Amino acid sequence: MSTQPSKIVSLEQALAGVPDGASVGLGGWIFTSQPMALVRELIRQGAKDLDLIPTPGSIAPDMLIGAGRARSTVCVFLSFEQYGLAPHFRRAAEAGTLKVHEMDGPGIAGGLRAAICDLPFMPIPDLATDLPKVNPQHYRTLPTQPGERRLLAVPPVRPDICLIHAQQADEHGNVQFIGAPFFDVMLAQASRRVVVSVDRIVSHDVIRRNNHLTKLPAHMVDAVVEVPYGAHPTASASLYRADDAHLREYVKASGKPENFAAYLERYVGKPRSNAEYLDEMSASRLAGLAVSESNLG
Amino acid sequence: MTNTEYSTGEMLAVLLARDLADGEHAIIGTNSDIQLAACNLAQHLQGPRLSWISGPGGMISPKRDELLSTADYENIESAEAWLDLPNMIDFIDWKIHFFDFAILSALQVDRFGNINTVVLGDHAKPKLRGPGTVGIAALTGLSKRFYVVLTRHDRSAFVPKLDFLCGPGHLDGGNSREEYGLPPGGPRLVVTPLGVFDFAPGTRAMRVRSLNPGVSLAQVIDATGFELVVEGTPPVTEPPSAEELQLLRTRVDSTGVLRKKFP
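Those sequence lines, one after another, are chains A and B.
The opening residue of the first sequence carries number 0 in numbering that gives the first Met the number 0; numbering runs sequentially from there.
The opening residue of the second sequence carries number 0 in numbering that gives the first Met the number 0; numbering runs sequentially from there.
I should point out that these hints are in silico values taken from the structure, not numbers from a laboratory.
Just so you know, these numbers come straight off a predicted model, no measurement behind them.
Each hint should be verified, as a subset may be incorrect.
[Claimed, not checked] The calculated label-pair distances, taken between Cβ atoms and stated as ranges, are:
id	chain 1	residue 1	chain 2	residue 2	range
1	A	Ser202	B	Ser240	29 to 35 Å
2	A	Gln144	B	Phe97	19 to 25 Å
3	A	Met219	B	Lys62	54 to 60 Å
4	A	Gln12	B	Ala123	55 to 61 Å
5	B	Pro159	A	Gly83	22 to 28 Å
6	B	Asn86	A	Asp243	52 to 58 Å
7	A	Val290	B	Ser240	44 to 50 Å
8	B	Ala123	A	Val290	43 to 49 Å
9	B	Asn86	A	Ile200	42 to 48 Å
10	B	Arg154	A	Arg247	54 to 60 Å
For every residue, glycine included, the Cβ atom is placed at its ideal position computed from N, Cα and C.
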């Protein structure tokens, strides 16, 4: 029906031309909807000296840091929750080899809003933290009148590209979230280029019938990639849970450089497609993830 | 484990649950098993209309018999509502006293209940790189009160000076919090494996409120890197009752997450 070209592209096309030094927004929340297929492809394509903007994250920023592709990261919250601290982020930060832009929730939200609204800064409340001391680039004191709330100014946080994972989209680029979208919509609004991976492409009719799920309308999206299990080893709402065994494998491999190099070769370097990546998992492993948490004892 | 024995995580959840009131509004952040257990247990006891909102996911008062990450999709199926984060952060990041309370964990806490989850050591080259601030500054700065729950109590956690302040408590004590321009509030209780602590009126310095069963005052003083306020002989913390443990294990944490993670 539509005369507009489809926004569906391959993984390779979606990330072609991301230059060294690009700032990269990463969507999702810890072990939910991290854009992992896109991250693996970004590593394969070789862009380096990236400035990461996870909102917040776990394995997506950590893998990019571990693969040596990041020169800095915003840190709102980077954690492996029950598996401890994010291993490569922690090591690089402690070694002083990774620049960390320390931010909090109000800071990242204010920075994204400033970018969305084309404002020079957004005010946020001054909450008496040490953040402005270590990150004067993102936190400036705003003059206020006596008796008013103390405020900080946060300049725009505007990623060159953002990588987001959602459950489904149509060929026009209408993206639907079956679960919580976390910061993904703000991240997309603030970014210069928006690339979304989805577990499945659905018809435009399906999108219209469930239009309350469309959180990113087509005009906010530049490219859509269909990658089943594209958030693996993190979860995708209603479709699969996080792969705890794989996350443990990642953390274990991160303990020694040679083991992590082998991990990267097996899961990132060698597979030439998402299908080949999934072939590294057993069918029973993937099938087991597609079970509702509610049904588990 | 018999019915009257309990794990550290279970005890901390029970101690917190007792202080929460019916009808209150709480926010539960990411990675918050003990916090979530405390709120859900309080709902089964004195607070059936206590409600909580998932910081990451925006779901309001999901009901389940087991602990689940607050970000998890499955919280949606039993929630009263779920809000998009861009709407919710106006309440979280800005609104004064929208939440009655928040419960936070920390790498370090000082004698005025300020907390650090960012780094140990120098920020540019830390000895330990922590997970970061996330919503902590706003939760401790803007909610009516907050709690600090720590699963360890030693001099590396209870320090005279934080390596990084990311959650404002009573700042430098006395009226310094209000003088800085922060809303009234601050920490109410700190709960640890050794005891329960509150803040003395006036100085707002941390005070021993009760000692957990089997713990001596000397032991607590030795494990704390600053001077605690001690008034008389502190009482012994009332241990979790059979009813509290029964509810916790059947209606809140039926899969035993607290026992596994915080033995």
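Comparing the hints with the structure gives:
no.	hint	in the structure
1	A/Ser202 / B/Ser240: 29 to 35 Å	violated, 57 Å
2	A/Gln144 / B/Phe97: 19 to 25 Å	holds, 24 Å
3	A/Met219 / B/Lys62: 54 to 60 Å	violated, 34 Å
4	A/Gln12 / B/Ala123: 55 to 61 Å	violated, 40 Å
5	B/Pro159 / A/Gly83: 22 to 28 Å	holds, 27 Å
6	B/Asn86 / A/Asp243: 52 to 58 Å	violated, 32 Å
7	A/Val290 / B/Ser240: 44 to 50 Å	violated, 36 Å
8	B/Ala123 / A/Val290: 43 to 49 Å	holds, 45 Å
9	B/Asn86 / A/Ile200: 42 to 48 Å	violated, 29 Å
10	B/Arg154 / A/Arg247: 54 to 60 Å	violated, 32 Å
Hints 1, 3, 4, 6, 7, 9, 10 from the earlier list are contradicted by this structure; the remaining hints agree with it.
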